[in-house]
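Asks: One-letter residues, chain by chain:
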Amino acid sequence: MGCWTCAVGCKAINDEPLGYWWNRILTTEPNGSAQVATSASPAIDVPHGVFPNLELAYLPVACQHCNNAPCQKVCPVGATFRREDGVILIDYERCIGCRYCLAACPYGVRIFNWGPGERVPDFIIGYGEDYRTEGRLVFEPVRPMGVMEKCTLCVERIDVGEEPFCVAVCPVGARVFGDLNDPQSEVSTLINEEGASQLLAQLGTDPNIYYLPVRHPDKVSE
Amino acid sequence: MVSKNVVRASTPMVRSPWVWGSSALVVVGLVAWFYELEHGLAVTGMRDVVSWGLYIITFAFLIGLAAGGLVVSASAEVFHIEALRPLSRLGVLTAAIFSAAGGLMIIPDLGKPFRILNLFLYPNWTSPLEWDVTIITIYFLFSATELYYMVRHPDHKRLFKVLAYIALPLAVLLHSITAILFGLQFARVWWNIALLPPMFVASAIVSGTALIVVIAWILQKYHGVTIPSSTWRWLAGLMAVSLAIDLFFVGCDYVTILWDNIPTDRAVLALVLPGGRFQFTFWFEWVVGGLIPFVVLASSKLRSKIGYVVASAVLILVGVYAFRIELIVPGFINPLIQLPPGIALGTFTPGASPFQLVGHYSPTIVEYLIVVGLLCLTALAIAWGYHAFRVGESIESEVPHVKSS
Numbered sequence: 001m002g003c004w005t006c007a008v009g010c011k012a013i014n015d016e017p018l019g020y021w022w023n024r025i026l027t028t029e030p031n032g033s034a035q036v037a038t039s040a041s042p043a044i045d046v047p048h049g050v051f052p053n054l055e056l057a058y059l060p061v062a063c064q065h066c067n068n069a070p071c072q073k074v075c076p077v078g079a080t081f082r083r084e085d086g087v088i089l090i091d092y093e094r095c096i097g098c099r100y101c102l103a104a105c106p107y108g109v110r111i112f113n114w115g116p117g118e119r120v121p122d123f124i125i126g127y128g129e130d131y132r133t134e135g136r137l138v139f140e141p142v143r144p145m146g147v148m149e150k151c152t153l154c155v156e157r158i159d160v161g162e163e164p165f166c167v168a169v170c171p172v173g174a175r176v177f178g179d180l181n182d183p184q185s186e187v188s189t190l191i192n193e194e195g196a197s198q199l200l201a202q203l204g205t206d207p208n209i210y211y212l213p214v215r216h217p218d219k220v221s222e
Numbered sequence: 001m002v003s004k005n006v007v008r009a010s011t012p013m014v015r016s017p018w019v020w021g022s023s024a025l026v027v028v029g030l031v032a033w034f035y036e037l038e039h040g041l042a043v044t045g046m047r048d049v050v051s052w053g054l055y056i057i058t059f060a061f062l063i064g065l066a067a068g069g070l071v072v073s074a075s076a077e078v079f080h081i082e083a084l085r086p087l088s089r090l091g092v093l094t095a096a097i098f099s100a101a102g103g104l105m106i107i108p109d110l111g112k113p114f115r116i117l118n119l120f121l122y123p124n125w126t127s128p129l130e131w132d133v134t135i136i137t138i139y140f141l142f143s144a145t146e147l148y149y150m151v152r153h154p155d156h157k158r159l160f161k162v163l164a165y166i167a168l169p170l171a172v173l174l175h176s177i178t179a180i181l182f183g184l185q186f187a188r189v190w191w192n193i194a195l196l197p198p199m200f201v202a203s204a205i206v207s208g209t210a211l212i213v214v215i216a217w218i219l220q221k222y223h224g225v226t227i228p229s230s231t232w233r234w235l236a237g238l239m240a241v242s243l244a245i246d247l248f249f250v251g252c253d254y255v256t257i258l259w260d261n262i263p264t265d266r267a268v269l270a271l272v273l274p275g276g277r278f279q280f281t282f283w284f285e286w287v288v289g290g291l292i293p294f295v296v297l298a299s300s301k302l303r304s305k306i307g308y309v310v311a312s313a314v315l316i317l318v319g320v321y322a323f324r325i326e327l328i329v330p331g332f333i334n335p336l337i338q339l340p341p342g343i344a345l346g347t348f349t350p351g352a353s354p355f356q357l358v359g360h361y362s363p364t365i366v367e368y369l370i371v372v373g374l375l376c377l378t379a380l381a382i383a384w385g386y387h388a389f390r391v392g393e394s395i396e397s398e399v400p401h402v403k404s405s
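In the order they appear, the protein sequences are chains U and V. Take the first sequence: its position 206, counting from 1, is numbered 206 in my numbering, and each next residue is one higher. Take the second sequence: its position 396, counting from 1, is numbered 396 in my numbering, and each next residue is one higher.
Hints listed in this document are in silico derivations from the structure and should not be mistaken for laboratory results. For every residue, glycine included, the Cβ atom is placed at its ideal position computed from N, Cα and C. It is possible that part of the hints are untrue.
[As the list claims (entries may be wrong)] Simulated restraints on C-beta separations:
#	chain 1	residue 1	chain 2	residue 2	range
1	V	V27	U	N181	37 to 43 Å
2	V	T256	U	E162	48 to 54 Å
3	V	V255	U	N68	28 to 34 Å
4	U	D159	V	L121	24 to 30 Å
5	V	L141	U	G135	45 to 51 Å
6	U	D159	V	L104	37 to 43 Å
7	V	Y165	U	N68	37 to 43 Å
8	U	G204	V	W20	55 to 61 Å
9	V	P263	U	N181	45 to 51 Å
10	V	L141	U	N181	46 to 52 Å
[What the hints assert, rightly or not] These stretches of chain V come out as covered by chain U in the derived footprint (C-beta under 8 Å, 3 or more residues):
#	region
11	29-41
12	125-135
Could you put together the complete structure from these sequences and hints?
Replies: Structure (structure tokens):
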């Protein structure tokens with residue numbers, strides 16, 4: 001419904017500085033192609049189409065955690081890596097800041113630490129601790145200047161059995177998190193029953209984020 | 001054979017005003033880099049939409065010049081072009097120095113430059129950047145070694161023949177891999193074409209030859225080194241042919257995009273063609289650095305005047321730089337998913353949106369100062385190498401015996 005609660009929740013738990021959005025809610029049309037060269041409108045919340053045939057849908061976009069991730073393939077030092085469970089993470093201690101992954105990502109979800117990062121309020125409000133997986137530093141409350149960052153799928157939460165924060169805070173339960181390898185899981189069932197799609201599937205990146213179709217588009221009536 | 005010209009050329013460099021001026025600009029560039037280290041890449045015009053700028057444009061340009069130097073030098077041996085033989089050592093010198101300069105250009109672009117050794121400690125071989133770093137390193141070591149042997153054992157003809165046969169494919173490989181660095185990125189439709197490596201190789205040969213022409217002219221004018229007229233003719237011919245091939249490749253790409261109606265492809269081309277935001281790259285590439293030098297170099301009357309050949313070479317260098325801008329910046333302008341509000345910039349300016357739907361990039365003074373500083377350092381290194389490796393002497397001693405046609 002385009003309320004941005006997930007995006008703001010993400011910003012809070014990860015202490016993202018001003019101008020950083022790991023999670024964004026794009027304005028689009030129901031079941032439309034994600035690939036639009038000249039956008040219908042430069043502003044959010046503006047319906048697509050010509051009155052009275054107006055349509056509006058929201059596309060939440062964060063890291064797609066691809067199985068065939070171009071960012072991981074192009075990283076010259078292996079700082080971006082894929083964990084066995086499919087989560088794509090960045091090792092903040094190894095990244096050299098070349099931004100090749102930013103050029104390679106078709107989804108525009110990576111954010112570079114151009115400067116020191118300005119936080120309002122300027123104290124830590126989120127998870128607040130360093131987090132390591134496989135011995136590699138994949139989260140710290142204040143990321144150093146000069147490294148790349150992006151959605152971690154709240155790795156520190158999912159490792160202790162909690163949902164990613166965007167899923168937990170969604171007021172209407174629009175986000176579902178689970179195990180795609182388990183055919184009985186809620187995510188697998190929803191994908192199979194409703195015919196979910198991946199973003200820019202034609203590129204072969206094979207994301208682990210699936211989008212359910214908009215089944216009941218609301219028509220604007222006179 | 002040591003002529004009096006060489007003796008004159010070896011007078012101390014430190015007296016020339018250009019050396020002082022360049023050195024000052026190198027220092028200014030260094031200061032700008034320290035400023036950037038302190039405040040981060042936020043002091044550049046780059047942001048999360050257009051995330052590579054002047055540094056990477058100049059990097060691709062310098063690597064092209066490095067590849068061209070070795071092509072000129074190795075062609076003399078491989079294709080038995082006697083007229084190019086006097087420039088063998090100069091070609092290897094430019095190859096060594098420009099590949100090093102290209103490698104250095106990457107450093108201010110890095111967010112964590114002091115971690116650069118990670119490239120060698122934790123190599124990821126699926127990354128074209130890792131391959132590019134490797135080939136640049138090999139290329140530099142190869143040219144430096146060849147230069148060393150040229151000075152120490154100039155009579156070892158067999159060795160230089162073997163080296164030339166390695167050098168030619170190495171030069172082609174160097175710029176092909178640099179092209180592939182961009183060409184494999186399917187997230188950027190403007191780069192993602194199989195034509196990019198041949199396009200880069202052609203542009204490397206034309207710009208590298210143009211660079212040799214400019215340096216040869218400076219030597220002839222200010223150092224009293226005589227470059228034979230047959231050499232000038234060959235250089236002019238090589239520039240004309242490689243310029244035509246280069247523009248032919250670029251033209252093929254335009255036609256492919258113009259014929260279809262794929263919105264993402266057309267959106268980028270519209271930026272570049274006349275009337276677009278980046279139309280200056282089109283005019284510089286096709287007219288200033290394309291049509292004008294080509295007409296001059298194709299006319300046998302005009303190309304017999306060295307002044308015209310040198311002017312064409314300068315225009316070609318400008319045109320090839322415009323081609324690098326045209327490739328890199330417009331490639332970022334329209335992200336593949338272009339829906340409002342756009343991509344988060346990664347910095348915040350009060351009163352301005354933190355998102356950008358269509359990319360914007362204009363280099364800052366810091367970027368200009370660092371690039372100019374590095375170019376001055378490169379020029380100083382060429383001047384130093386000219387004296388240290390006795391390049392003037394090598395030109396004088398290799399005046400061709402047979403007049404090539």
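Asks: None of the hints should be skipped; say for each whether it holds.
Replies: Evaluated hints:
1. V:V27 and U:N181 have their C-beta atoms about 59 Å apart, which leaves the hinted 37 to 43 Å range violated.
2. At roughly 50 Å, the beta-carbon separation of V:T256 and U:E162 lies within the given 48 to 54 Å, and the hint holds.
3. Take V:V255 and U:N68: their Cβ atoms lie about 32 Å apart, and the range 28 to 34 Å holds.
4. Distance hint for U:D159 and V:L121: a CB-CB separation of about 28 Å, consistent with the stated range 24 to 30 Å.
5. At about 34 Å, the beta-carbon gap between V:L141 and U:G135 misses the expected band of 45 to 51 Å.
6. Range check, U:D159 to V:L104: about 42 Å between beta-carbon atoms, so the 37 to 43 Å window is met.
7. Distance hint check: the CB atoms of V:Y165 and U:N68 are about 39 Å apart, consistent with the given range 37 to 43 Å.
8. One distance hint, 55 to 61 Å for the beta-carbon pair U:G204 and V:W20, holds here, with the actual separation near 56 Å.
9. Checking the proposed 45 to 51 Å range against V:P263 and U:N181 shows it is violated: the Cβ atoms sit about 37 Å from each other.
10. At about 48 Å, the CB distance of V:L141 to U:N181 agrees with the hint of 46 to 52 Å.
11. With 3 residues having a Cβ less than 8 Å from any Cβ of chain U, the region 29-41 of chain V passes the three-residue criterion, so the hint holds.
12. Only when three residues or more bring their CB closer than 8 Å to a CB of chain U does the claim for the region 125-135 of chain V stand; here the count is 6, and the claim holds.
The structure fails hints 1, 5, 9 (numbered hints given earlier, in ascending order).
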